[in-house]
Amino acid sequence: MKKSAMIFLFGLLLIGLVNACDDSQRIMRISSTTNAHGEIYNGVENYGTEICYDELFGIDYNAVDPHVCTANNRVIRLSSNTNGHGEGPEVGIYSVDVCYGNLVCAMRSDCESDEVEVLSLSSSTNAHLGIAGEYTNKICCESSFGMVHTGICVEEEGGTIWSDGGVDCDPFNAHNSEYCRWGGWSGNPNVCCPFGYGCVIPESGNPDCTTGIEDGCGCQLNPDWCNEVLSCSGYRTQDECIMNDCDVIASELNDPENHCNEVGELYNISCNTSCSWNGTNCGFNSYRNNFDPGVVVVNPEYQCSSSTQLGECISSRREIIIKKVLTEIISDTVIDPDTLDESFQTWCPKLTSRQYACGFEVELGFFGFWNFVSSLGLIFGVYFVKKKYL
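Just so you know, we're using our numbering here: the sequence shown kicks off at 12 and counts up by one.
Hints listed in this document are in silico derivations from the structure and should not be mistaken for laboratory results. Note that the Cβ used here is the ideal one computed from N, Cα and C, for glycine as well. There's no promise every hint is true.
[Stated by the list, open to error] So the derived label-pair ranges between C-beta atoms look like this: (1) T44 to S287: 33 to 39 Å; (2) I163 to S135: 27 to 33 Å; (3) V393 to D76: 14 to 20 Å; (4) G388 to V79: 54 to 60 Å; (5) C32 to N92: 16 to 22 Å; (6) D121 to C237: 38 to 44 Å; (7) N46 to V75: 30 to 36 Å; (8) D258 to T45: 17 to 23 Å; (9) L389 to S106: 54 to 60 Å; (10) G103 to D71: 48 to 54 Å; (11) D34 to G392: 50 to 56 Å; (12) G69 to S106: 28 to 34 Å; (13) M254 to L389: 54 to 60 Å; (14) I163 to D121: 17 to 23 Å.
The whole structure should be built from the sequences, with the hints applied where relevant.
Here it is, written out as structure tokens:
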């Protein structure tokens, strides 16, 4: 009996792990594979069937905050955060948007060649949900993460469009011209490569390949690409903007010596900023005024190691609490007690990085005269009880 119970529990554990994926890869959850209700990716019901980006598209999505909604990344709408009915992304009756990364989704009866069926609905609105293939209303999504597409622009009433989807061609593309979607032409002959990549024809490859990296045409990241990206506005896609591989935050702050992508960097003025995508362009996002609660760091030798977030910084003689960041660098090693409510920074040549400094003494008012009197009373009280009763 005991053995059977253990097998049963182990089976339940396996069932729970079948559809498990990391929060960063989870698009949403549904209550079953068919005839299901839906919830957002972190819904309170914790439904067991997960819709996961990495499982559907075969790669991890590693840009930050994939669940933040932009102008184009709605997957579906739900009637509520959990236990909700669903509708297609373009319907507009329900108010809870399920968004993810750089997905561009539409509800169709059949998905196009560059789309993946993410899930399906029993109707266009007020619908039960199911995994791909359960219903005829398919939620079809394409992802630009590392992908490019080529084709021929076609002329239709109202303008020139992509031959595979109805999205406007770039202005410089004329009728019957070939397009390179989410990328740029490179090499001779031309190859459609993602932005930041160039064409490298493999020695054993096909010298006539023109269809992009999907057919192995040798698109490789240009080592000097970052020489052309001097600010956030130099990024041309949402993923480039969010990932900030060229570390342009310091350039935006006229601080070329401060690199925010190095391991061990702190949330200083520069590293507490970001590039931000507004749906069309990449721009500079200024630093926040306050940090989040951080961890305690022991700093007995007044070195420049510190917490990666706001928190207590402890020296060998005094204790301070860093509360907010200044808009300028303060290099003094002695700070007046009146400035305790303000955080400060200094340059640390030893670590070639701006870090919080803890190497100063400040008299704190947390241990005054009456604290001293109370402490003496407590000590004598304990001594009296011990002598009388023990």
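Checked hints:
1. At about 37 Å, the CB distance of T44 to S287 agrees with the hint of 33 to 39 Å.
2. For I163 paired with S135, a C-beta distance near 32 Å keeps the hint of 27 to 33 Å intact.
3. Taking 14 to 20 Å as the suggested C-beta distance range, the pair V393 and D76 does not conform, at roughly 54 Å.
4. A hinted range of 54 to 60 Å for the beta carbons of G388 and V79 is consistent with their spacing of about 56 Å.
5. For the pair C32 and N92, the beta carbons lie near 19 Å from each other, so the given range of 16 to 22 Å is met.
6. For the pair D121 and C237, the beta carbons lie near 41 Å from each other, so the given range of 38 to 44 Å is met.
7. Distance hint check: the CB atoms of N46 and V75 are about 35 Å apart, consistent with the given range 30 to 36 Å.
8. The hinted window of 17 to 23 Å between D258 and T45 is violated, with their beta carbons roughly 47 Å apart.
9. Restraint check, L389 to S106: a C-beta distance of roughly 58 Å satisfies the suggested window 54 to 60 Å.
10. About 31 Å separates the C-beta atoms of G103 and D71, a value inconsistent with the hinted range of 48 to 54 Å.
11. At roughly 52 Å, the beta carbons of D34 and G392 sit within the given window of 50 to 56 Å.
12. For G69 and S106, the hinted distance range of 28 to 34 Å is satisfied, since their beta carbons lie about 32 Å from each other.
13. Evaluation of the 54 to 60 Å hint for M254 and L389 yields a pass: the beta carbon distance comes to about 56 Å.
14. Evaluation of the 17 to 23 Å hint for I163 and D121 yields a pass: the beta carbon distance comes to about 21 Å.
Checked against the numbered hints listed earlier, the structure breaks hints 3, 8, 10; every other hint is satisfied.
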